Amino acid sequence: MAPVYSDAKNVQRTRDELSPEPSTHEVYKVKSEIINVEEGPTQVNLIGGGHAFIIGDTTNGVLGTANGVDGSQITLGTASLGTGTSEYYIFNPSNLFNERFNFTTFVDTTNSTGTQSTSAGTYTVGSGEILYSGNVIYEPNTNIYRVKVYVDADDDTLLTAYVRTLTRAGSAYPWEPVTLSTNYELTTPEEKLQYRVDCSGGTAEITRVRIKYS
Amino acid sequence: MVLLNEGLEEAATQFGGLITKGQWGTGTADPAFTDTGLGSAIPDTLNSVGSAVSGRTVQFTHTTATTEGNGYALTEYELRFANGDSLNRVLTAGINKDSSYQIQTITSVTFSRG
Chain A
1 MAPVYSDAKN
11 VQRTRDELSP
21 EPSTHEVYKV
31 KSEIINVEEG
41 PTQVNLIGGG
51 HAFIIGDTTN
61 GVLGTANGVD
71 GSQITLGTAS
81 LGTGTSEYYI
91 FNPSNLFNER
101 FNFTTFVDTT
111 NSTGTQSTSA
121 GTYTVGSGEI
131 LYSGNVIYEP
141 NTNIYRVKVY
151 VDADDDTLLT
161 AYVRTLTRAG
171 SAYPWEPVTL
181 STNYELTTPE
191 EKLQYRVDCS
201 GGTAEITRVR
211 IKYS
Chain B
215 MVLLNEGLEE
225 AATQFGGLIT
235 KGQWGTGTAD
245 PAFTDTGLGS
255 AIPDTLNSVG
265 SAVSGRTVQF
275 THTTATTEGN
285 GYALTEYELR
295 FANGDSLNRV
305 LTAGINKDSS
315 YQIQTITSVT
325 FSRG
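Protein sequences appear in the order of chains A and B. Sequential numbering of the first sequence, starting at 1, is according to this note's numbering. Sequential numbering of the second sequence, starting at 215, is according to this note's numbering.
Hints were generated in silico from the structure; no laboratory data involved. Any given hint might turn out to be false.
[Unchecked claim] Facing chain B, from chain A, some residues (calculated, C-beta under 8 Å):
1. Asn36
2. Val37
3. Val44
4. Ser94
5. Glu139
6. Tyr145
7. Leu158
8. Tyr162
9. Pro189
[Stated by the list, open to error] Counterexamples of contact, computed for chain B against chain A with all Cβ distances above 12 Å:
10. Ala226
11. Gly231
12. Thr234
13. Trp238
14. Thr240
15. Thr248
16. Asn261
17. Ser262
18. Val267
19. Ala279
20. Thr280
21. Gly308
22. Ser326
23. Arg327
24. Gly328
No experiment lies behind these values; they were computed from the predicted model shown. For every residue, glycine included, the Cβ atom is placed at its ideal position computed from N, Cα and C.
Construct the complete structure from the given sequences, taking the supplied hints into account.
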C-alpha cells in the first residue's frame, strides 16, 4: 500500500484548525527598568553681612567711621560679606535623609578616616576607619525623637552605625549605637542629628545611607 | 536590558541644564503634588541657580542677596524650569530676612535605578 503522507498531512492540518486550544501557553517575562529621580536634602545657610556697605541696614548702612556686623570698618564698594556662614536649616523630603556620596556637603571630611569617591558615589571604610557626617537633619523648633538608619554596603556586617543629637548651638550629646533598619528612640531629642559608621574589620564600600526620622 | 551608569550620569548632567532658577516665598500651606508653584512668591528672590554635577547627582545653589527678600518671613522655596514650571516646593521654618545677611540654598537631585 502506498504511503499516505499527503492524506496524513491534510488530516493533521484539519485537526490543527478544528482542535481545542493547546494546553501550553506562552509566558512573557517582563523586566521593567525604572529611573528614580530622588530629591535630596535642602540646606539653607545664612552668610553674614561682614563689613560691606549695605544701604538701609542699621549696622552696615552707616557712613563715616563705623564697623560692620563682623567688627571691621565698613567699606564702600567691598565685596566682602564676611566669612561667617551659619547653617540655618536642613530639610529632607518626607523626613528621609538620603546620602549618595556624590558630594561632600554632608560628610565631615575633617574627622572621617575612610575614602570617598564622589564620581562613583561611594564611601569606603577599612578596619578601624570611621565615616562621620556633618549635621544631616536640622529643623528649628522641631525635635527629632526617633530614627531608623539604613546603610547600603557590600558587607554591612562589618559596620556599626551610631547617631547623636545636638542642640541648636551645636552642643553634642553622646553617640548612641543603632541597629540598622530598626526604629530607635533617641535618648535626648533635639533639633540636629549626625550619624557615624564604624568598620570593625575588612573593607566595606558604602553606597548609600538613609535615615528616616520623626 | 540594564540602565547604564553613564546613562544615569548623563541624565543628571542634562537635568542640571533644565533647572534655571530658584525662588523664596511666604506661603505656609503643606506642599501637595498638585501645587503649581509657591503659595506666595517673593519676586525679588527669583534668581538664577548654579548647578554642579557629580556622578548621578546634580546640586543646585541659589543665593538671595542682602538687598533681596527683606522684611519677609521666608517659609517656602522652589526650583524652576526655564518655562516657569516648578520642580518642587519645600516648606521651611520661617527665616526673617533682613539686609544683614544673604541666604544660600543648596538642593540636590539624584538619578538612580528603581
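Any of the earlier hints contradicted here, and which numbers?
-> 4, 6, 7, 8, 9, 10, 13, 18, 19, 20, 21, 22, 23 and 24
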